[in-house]
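Construct the complete structure from the given sequences, taking the supplied hints into account.
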Amino acid sequence: MGWYNKRLAKSIWVFHISASPCNNCDIEILDLLTPRYDIERFGIKLVGSVRHADVLLVSGIINQKVGPIVKKVYDQAPKPCFVVGVGSCPASGCCFKDSYNKSKNIKDIIPIDLYIPGCPPKPENMIEGVVKLVEVLNA
Amino acid sequence: MPKNEFFETMGDKVGHTIEKKLRYYFEVKNEDLHEVINYIFNNMGCRLSTATATEIYRGIEVLYHFSHDKTGTYYCPRIIMKDKEKPQMNSITPIVRGAEWIEREMAEMFGIDFIGHPRKEPLLTRNNPTVEKLPLRLRRVS
Amino acid sequence: MSMVNNVPIGPYHPLLEEAEYFNIVVDGETVVDIDMDIGWMHRGHEFISEQKSFTQSIYLVERICGICSTSHPLACVHAIEDIDNVEIPERAAYIRSLVGELERIHSHLLWFGLAGHFIGYDTVWMWAWKYREPILQMFEIISGNRNHYGMMRVGGVARDIDLARIPEMMETLDMVDEKMNMIAKVANDDPVLKSRLKGVGVLTHKDAVDLCANGPTARASGVNTDVRQDEPNDAYGWLDFNVPVLHNGDVYDKFVVRVLEVIESTKICRQCLEKLKTVKGPILNNVKHISPGEGIGRYEAPRGEVFHFIKSDGTNRPIRHKVRAPSFANIPTYVASCKGIPLADALITLASVDPCYCCTERSLKVVDKNRDPYKIDLLKLSREKTQDIRSEYHV
Chain V
0 MGWYNKRLAK
10 SIWVFHISAS
20 PCNNCDIEIL
30 DLLTPRYDIE
40 RFGIKLVGSV
50 RHADVLLVSG
60 IINQKVGPIV
70 KKVYDQAPKP
80 CFVVGVGSCP
90 ASGCCFKDSY
100 NKSKNIKDII
110 PIDLYIPGCP
120 PKPENMIEGV
130 VKLVEVLNA
Chain W
0 MPKNEFFETM
10 GDKVGHTIEK
20 KLRYYFEVKN
30 EDLHEVINYI
40 FNNMGCRLST
50 ATATEIYRGI
60 EVLYHFSHDK
70 TGTYYCPRII
80 MKDKEKPQMN
90 SITPIVRGAE
100 WIEREMAEMF
110 GIDFIGHPRK
120 EPLLTRNNPT
130 VEKLPLRLRR
140 VS
Chain A
0 MSMVNNVPIG
10 PYHPLLEEAE
20 YFNIVVDGET
30 VVDIDMDIGW
40 MHRGHEFISE
50 QKSFTQSIYL
60 VERICGICST
70 SHPLACVHAI
80 EDIDNVEIPE
90 RAAYIRSLVG
100 ELERIHSHLL
110 WFGLAGHFIG
120 YDTVWMWAWK
130 YREPILQMFE
140 IISGNRNHYG
150 MMRVGGVARD
160 IDLARIPEMM
170 ETLDMVDEKM
180 NMIAKVANDD
190 PVLKSRLKGV
200 GVLTHKDAVD
210 LCANGPTARA
220 SGVNTDVRQD
230 EPNDAYGWLD
240 FNVPVLHNGD
250 VYDKFVVRVL
260 EVIESTKICR
270 QCLEKLKTVK
280 GPILNNVKHI
290 SPGEGIGRYE
300 APRGEVFHFI
310 KSDGTNRPIR
320 HKVRAPSFAN
330 IPTYVASCKG
340 IPLADALITL
350 ASVDPCYCCT
360 ERSLKVVDKN
370 RDPYKIDLLK
380 LSREKTQDIR
390 SEYHV
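Residue numbers (numbering that gives the first Met the number 0), protein chains in the order written: chain V, 0 to 138; chain W, 0 to 141; chain A, 0 to 394.
Honestly, I wouldn't trust all of these hints.
Computed far set for chain A versus chain W, every beta-carbon distance over 10 Å [as the list claims (entries may be wrong)]:
1) Glu45
2) Gly115
3) Gly143
4) Gly149
5) Asn180
6) Asn213
7) Thr224
8) Asp239
9) Leu272
10) Glu273
11) Asn284
12) Arg297
13) Glu304
14) Asn315
15) Arg323
16) Gln386
Here are the simulated PhoX-like cross-link-like pairs (lysine-lysine), alpha carbons at most 20 Å apart as the crow flies [to be verified]:
17) V:Lys121 to A:Lys129
18) A:Lys51 to V:Lys96
19) A:Lys205 to W:Lys69
20) W:Lys83 to W:Lys28
Because the hints were derived from the structure by calculation, they are not lab data.
Built from N, CA and C at the ideal position, the CB exists for glycine as well.
In structure tokens:
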């Protein structure tokens, strides 16, 4: 699917799933749309429906109530689709790893391809993550 | 007994009291709870901030936190339930409407039965059967 | 009476919100009742906090909410300091108040953006968030991070302010003042905004008192409650500021209260920065031991009163840490303010309380007994209503 990936990399449509975050990563993702960072000039935009998405952004520890819903959303996304975990929460649980409400294993719910660590990751970090994704797609 | 109009009116309905700067923590029995809360909320015009439940050695205690905004003082009535298996006490939701969610959360985390509460359903773990029951209780090794 | 079914609302809208499950009962086009299902963000803070030390708890509570991420640590340190009546140095008090007020400015600007987006003024969204960026840069100068500052410690603050950067901070505050005055003028002059927001989603004074609302939600309904004036902690006792209180309780008043609060906050920040140029001294009173006891701490967050209760037994861990975020008391006011409003206004009413997770639109499947089920997009309804009003005014 090399040719498909190259087409994809020219204009990525992103869908954001917030699965029990503290909302900070989410606000930083939205900051990318605002005039200072303005990611729309690269053709990247946030879409409202998962069926239009090329890349899924996941933030937050996925707690037990949201887990089945995230799985349902991932199944609805048209494949191939890449999943990016934003923030330290999907990567390692951050400070919530001892919580009783955390899902036991995130990899069973949604397989993550790219991690952008940070609490929250700065918008420049997120743009670098996107650039890495585009390079991988172009390779 | 602190020198205060509230304590003088309540008399011996109020038990052991801890008095600190701008804070009063006092014990109240379950039977007198409605009368004390009615006085604090309606006569004194205090606002309910929240309520805390803790499991202590003697049983389960519930501490309500009422804020008297004009002076910045907190009045905190404390109710202690000796039965740890089935703790029960009167609900204050008929008097203070804002206590509905607060008591639902305490019932869910500690298993307290509030008599007279209009809607006894879990709040944060509703529709979520995978989470363990009564998560904030101490885990005992039996 | 038609019943409404719900479809789970994931964070489907780009304006990231937490999943929020609303059950709205409608009669024709009017909302009759509303019920909420929460718990999508429940992570078990109180459980984790009992296993961490006091300083680790301060780090943990920052991550309860990303927008009000200084309010929770401030209330937490007030609670720990309340157990032993710990005094903090004067310089630390001014730094704490400065960080708290800057956070109020950035949070209200964020809310203006969302409110503009919900009623269809997307330019307001882009502009409000553009003017928010210099504030986040100020935070980076003061604490090293745009959010989640890690500044609070028991007995003071963790970092000091570099005096050489104060002039550029004053310039940023001047810029915010100018833009806020522009928004205030717009709110006053624009007839479309007034007829869209006035009289919508009214929360009466009696309901605000019964449901124990706090923050701008209560102040817009005439309840004069503000932690900064009721129990002046930190530097608030030494500063000169007003607390705006309005009386109608509708969405327009909630909007105006926030505009006035931002203008007051810039006043407070300027006073703090002036004082920091001259006040000298330590920034931390190193507390080695907290005695057994109970402590209550609170702080006026942008959304209301944040309340923390800590019980300590003489060791370095809290044995009980209770957290009450302001939205917990403000969200139940929906049942009072959403009765009788048209469905197109539901979205802006739900957002006017500024819940710490923003409410989702794109909700529901509205099911009418007589018709087939159809989907309703609340955001679209809200924006269409604004378009209709604009065409009436020939704008």
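Here's how the hints hold up against the structure:
no., hint, verdict
1, Glu45, "violated, 6 Å"
2, Gly115, "holds, 30 Å"
3, Gly143, "holds, 33 Å"
4, Gly149, "holds, 26 Å"
5, Asn180, "holds, 31 Å"
6, Asn213, "violated, 7 Å"
7, Thr224, "violated, 5 Å"
8, Asp239, "holds, 19 Å"
9, Leu272, "holds, 27 Å"
10, Glu273, "holds, 27 Å"
11, Asn284, "holds, 17 Å"
12, Arg297, "violated, 7 Å"
13, Glu304, "violated, 7 Å"
14, Asn315, "holds, 19 Å"
15, Arg323, "violated, 4 Å"
16, Gln386, "holds, 37 Å"
17, V:Lys121 to A:Lys129, "holds, 16 Å"
18, A:Lys51 to V:Lys96, "holds, 13 Å"
19, A:Lys205 to W:Lys69, "holds, 18 Å"
20, W:Lys83 to W:Lys28, "holds, 17 Å"
The structure shown violates the earlier hints numbered 1, 6, 7, 12, 13, 15.
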